[in-house]
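Generate coordinates for the entire structure from the input sequences, incorporating the hints supplied.
Protein chains: 2
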Amino acid sequence: MTSEIVSVGTELLLGDIVNSDAQFISRKLADLGIDIYYQTVVGDNQNRLKNCLKTAFSRSDIVITTGGLGPTEDDLTKETGCSVLGKKLINDSRALEDMKEFFKVSGRQMSENNLKQALVPEGGKVLYNENGTAPGIIAEENGKILIMLPGPPNELKPMFEKYVVPFLKSKQEYILVSRLLRVVKLGESMTEYMIRDLIDAQSNPTIATYAKDFEVVVKVTAKAKNIDEGNKIIEPVAKEIKKRFGHDLYAEGDTNIIEYTCKKLLEKKITVAAAESCTGGMVSKSFTDMPGISEIFIEGAVTYCNDAKMRRLGVKKETLDKFTAVSAQTAAEMAEGIAKTAGTDIGLSTTGIAGPGGGTAEKPVGLVYIGIYIKGKTITKELHLNGNRDKIRKRAVNSLFDALRRELEKENIF
Amino acid sequence: MTSEIVSVGTELLLGDIVNSDAQFISRKLADLGIDIYYQTVVGDNQNRLKNCLKTAFSRSDIVITTGGLGPTEDDLTKETGCSVLGKKLINDSRALEDMKEFFKVSGRQMSENNLKQALVPEGGKVLYNENGTAPGIIAEENGKILIMLPGPPNELKPMFEKYVVPFLKSKQEYILVSRLLRVVKLGESMTEYMIRDLIDAQSNPTIATYAKDFEVVVKVTAKAKNIDEGNKIIEPVAKEIKKRFGHDLYAEGDTNIIEYTCKKLLEKKITVAAAESCTGGMVSKSFTDMPGISEIFIEGAVTYCNDAKMRRLGVKKETLDKFTAVSAQTAAEMAEGIAKTAGTDIGLSTTGIAGPGGGTAEKPVGLVYIGIYIKGKTITKELHLNGNRDKIRKRAVNSLFDALRRELEKENIF
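Protein chains in written order, with the working numbering: chain D, 23 to 436; chain L, 23 to 436.
The reader is advised that the hints may include incorrect statements.
Since the list can't tell identical chains apart, any single copy or any two copies may satisfy a pair.
With a straight-line cut-off of 16 Å between C-alpha atoms, the simulated EDC-like cross-links for lysine to aspartate or glutamate are [unchecked claim]: (1) K362 x D329; (2) K147 x D114; (3) K245 x E257; (4) K241 x E33; (5) K416 x D311; (6) K50 x E33; (7) K234 x D38; (8) K50 x D38; (9) K290 x E431; (10) K245 x D57; (11) K290 x D367; (12) K413 x D311; (13) K241 x D38; (14) K234 x E33; (15) K286 x E433; (16) K138 x E101; (17) K207 x D235.
It is worth saying that the hints were derived from the structure and are not from the lab.
Okay, here's the thing in structure tokens:
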């Protein structure tokens, strides 16, 4: 089965919004193993939309539209889609009741225009909308499938999960089962190189690598009759991949190095404090992104100038004079200083040159030292990071969390 | 002139990335006053790409492609585009030199494959790439224009600004001149309501409102023969709009409330320190996003638990006991505490409930207090913010910067 997406909305053509719906649906179709060859964006114009839908049906089995199901005169997707497919529109009583209820609960007045949202194609499947007024629709005719979904992502996504995924699965003989294995530190080409033979040798499961901001995800995907069978196909391959990457492979599933490390610290009730120079609050922010982290994240200090490093963290003047603020020695004293004054198990620190200015031949932009104080000893690392100011700062934060994770694995704490 | 975008890349069809290039180009075309009726995404497949380009040229004057200009066998855009347009490919010596230089500087080995990136259509304009190896291309034939750009946004965006914008302007009889007026605190509908009569009355300039994360941008756009004429058309309308919004309109142009406030503080050399609870480092991060801010941003403290608030900032135990951590009184003592210990002109603070847990009937999720200590006095504000944890934290940060900006305007410091 081949598919394509037709996104309807002038706001997409004007660049007012990015087409995140198309990305969401595309990823879901890929997960289901359904080929998708085209995405098209067209404005709220009946003629152009009609031509797009005709072209789409001439080359694909499934056409998924987004947007244009609302109550205004600009909303033409349902009428146009049904006319291209040769379907008559009739009133759906439940869609009408749902809509009346929605307006009652939200305390808003329902206008006459809204009534057209309860029109559905004869014989079609109505996808009731729990997060808005316009229902989605699935219509079939002569082996062609038209799926029409509302544009707002908070309406489209739950509707897709609840109705469209099971519907498309019912049309598929096989399902796809995937596992994500997360690798840090190695780039994408090195990651791929280390499992090249496995990638080349496999057809089921397939193995693919995806570069993310700070890590590489190895995705192992099996074609199977059900989830259990899929997992059985994946297991030996996943085991071999894990063996090859050792500690560079830190977790399975949908996570990232920061979230993973925070969760582990919470689980083990290990307290932390952070002293930041070049990352200027990003380490603290990363911790406090997680609800409930106050149980173990005790304090952060952003000591952006030397004076604050001495006053707040007890970094020695001699250390700063002799080695400068961007040095392993300063990173070490910062990590110790914050752990001692905050009374935590672990103290973390960053100090470096995020740029664009401030670099020298000896200490160039991208040079960052990180420090970890843990159980009476202090580890520091020298990093050489690429990118602009924002990238360098983000990479420093991720490197710090990864270094902490490795240290705790070494100590058998994780 | 009508235009459309053809984005080439299987990673878009798989949903691995969102089509931010299409959004960027669409917005630029809208700014230039060039109509765009379609965006299409197609994979790295020669036949399908060829058909897409033929369709595109049959209905539009300008076709802009993104992606597929790289060195691999999958990269087919240039060959396919030139064949559809009937253009021969020849070697461009400067593109070749640039590429050799790029590999020399980055210390990487140039493979044979890379040579094909120096091929350009005869008579075409080469858009040299300062941020990568693949040059962009503009080719014209029989009144049709083909613009081919590399996919990576950090290569595409500067290339578009440097080459494509001037090229497209040269094809237009009129240019569009825009001015952005930035309004905070009022929502989009209130902003629009306050200038409804102006919006309805105008045809040149046009007035439109755009909702951003924390502010509304009023865009005044004039159609004119040149920039001076455009500015003359805009001036009286912009003046009237400014009068209506007073202090809620804080700046003109491409900025945001955080950047604007930081720049003003830097200009006036006013020193600041921040004590954060619920925003957990985001205020410090916002300051340190700006290079050179260390001149005035002295220190940040993330005091996530009560103990740290007392120990680090000198918040009184009685205050915490009587009013709790989420109170105007605590916010005031935090702001005073950080300014005094860091020795700065200004002390800022945040304390609140970012959720999802931790809310009560009396102190619900979204309740945030901010504090500003300045010139011996302390101001606090009670905020009631909507959204998820991330949104609430971001809104708290933006509200704090806006409150600070207003305070400094009141004191005639800004």
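Alpha-carbon proximity context of K290 and E431, limit 16 Å: Cα proximity of K290 and E431: one copy only (12 Å, versus 49 Å across).
Up to 16 Å CA-CA - E33 versus K234, copy category: between (28 Å within a copy, 13 Å between copies)
K286 and E433: within-copy, between-copy, both or neither at 16 Å Cα: within (14 Å within a copy, 48 Å between copies)
Identical-chain pair category, K362 with D329, by Cα at 16 Å: between (18 Å within a copy, 14 Å between copies)
Same-copy or cross-copy closeness of K416 to D311 [CA-CA at most 16 Å]: both (14 Å within a copy, 11 Å between copies)
Alpha-carbon proximity between K50 and E33, which holds within one copy, between copies, both or neither at 16 Å: between (24 Å within a copy, 13 Å between copies)
Homomeric proximity label, K245 with E257: Cα distance no greater than 16 Å: within (13 Å within a copy, 63 Å between copies)
Homo-oligomer pair classification [D311, K413; C-alpha up to 16 Å]: Answer is between: at 11 Å across copies they meet the 16 Å cutoff, but 19 Å inside does not.
Intra/inter-copy verdict for K245 and D57 if alpha-carbon distance must be at most 16 Å: So K245 and D57 pass the 16 Å test inside one copy only (14 Å; across, 44 Å).
Copy assignment of K290 with D367, given that the CA separation must stay at most 16 Å: So K290 and D367 pass the 16 Å test inside one copy only (11 Å; across, 41 Å).
Intra/inter-copy verdict for K50 and D38 if alpha-carbon distance must be at most 16 Å: between (24 Å within a copy, 11 Å between copies)
Within, between, both or neither: K241, E33 at alpha-carbon 16 Å: between (34 Å within a copy, 15 Å between copies)
The structure is consistent with each of the numbered hints, conforming to all of them.
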